[in-house]
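Here the sequence shown stands for residues -23 to -1, 1 to 174, numbered as in mature numbering (1 follows the signal peptide of the UniProt record, and there is no 0).
Incorrect hints may appear among the rest.
Claimed, not checked - Cβ-Cβ distance ranges computed for the label pairs, FRET-style:
no.: 1; residue 1: ASP41; residue 2: TYR92; range: 30 to 38 Å
no.: 2; residue 1: LYS173; residue 2: LYS91; range: 35 to 43 Å
no.: 3; residue 1: ALA106; residue 2: ASP41; range: 33 to 41 Å
no.: 4; residue 1: ASN130; residue 2: THR100; range: 13 to 21 Å
The hints are simulated quantities; they were obtained by calculation from the structure and are not laboratory data.
Please read these numbers as outputs of a predicted model, since none were measured by experiment.
For every residue, glycine included, the Cβ atom is placed at its ideal position computed from N, Cα and C.
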Amino acid sequence: MTDMKTLLLGASLMIASTASSFAQDGQTTDFRGFSWGTSLAQVQSQEKAQLVVKIKDDELQYADLLAGSDCYVIYIFNDNDKLISGNYVFTKKYSNPELYLQDYNKFKDLLTQKYGKPVSDDTHFHSNAPSVEKHSYGQAISDGYLTMDAIWNVNGSLIKIALISTDRSPSLQIHYTSDSLNGLENKAALKQVLTKL
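Between the sequences and the hints, there should be enough to build the whole structure, so can you do that?
Right under this line is the structure:
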């Protein structure tokens, strides 16, 4: 009888563990474990990274490490203090601009592993780019002649990785944005607006 209790207890623990991990994996979260519409107060109380700055009630900025790369984690909120967007802005500076391209490809590959093939994957050379720049993507990005981006549309979120130039320096960023009004407003406010339309 004791063996049967042990077996049942073990099976129960396995089922509970599996159910718990399914609930966590099956839950819809949009950015770092938070869903669109989460309050600023809830994000602030639950985010584990180091808070760098709070800008009014519109933005929280944290410092963190993602896949070994230093970055800022930025949460953007609407006028109702609801989460509508999140960004990673990578802060590592390289003397060789080609290394930014390596980081871009690393994170694009990680996003592809998680979300599948992007719906858009583009390399944009500006029309005034010198032909020599087209042979050195890193330098072309640095000089502002080239931008690269890939976009995923996943369960109510638009996810975009971009390698751009800001102030003649490459900048790697990943943006997560709610793609529907449901993520932007609480349901009562949304219902009220829809009845007035």
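Hint check results:
1. ASP41 to TYR92: 30 to 38 Å: At roughly 20 Å between Cβ atoms, TYR92 and ASP41 fall outside 30 to 38 Å, so the hint is violated.
2. LYS173 to LYS91: 35 to 43 Å: Check passed, 39 Å falls within 35 to 43 Å.
3. ALA106 to ASP41: 33 to 41 Å: holds, 34 Å
4. ASN130 to THR100: 13 to 21 Å: Holds: the Cβ-Cβ distance is about 20 Å, inside 13 to 21 Å.
This entry does not satisfy hint 1, going by the numbered hints stated previously; all others are met.
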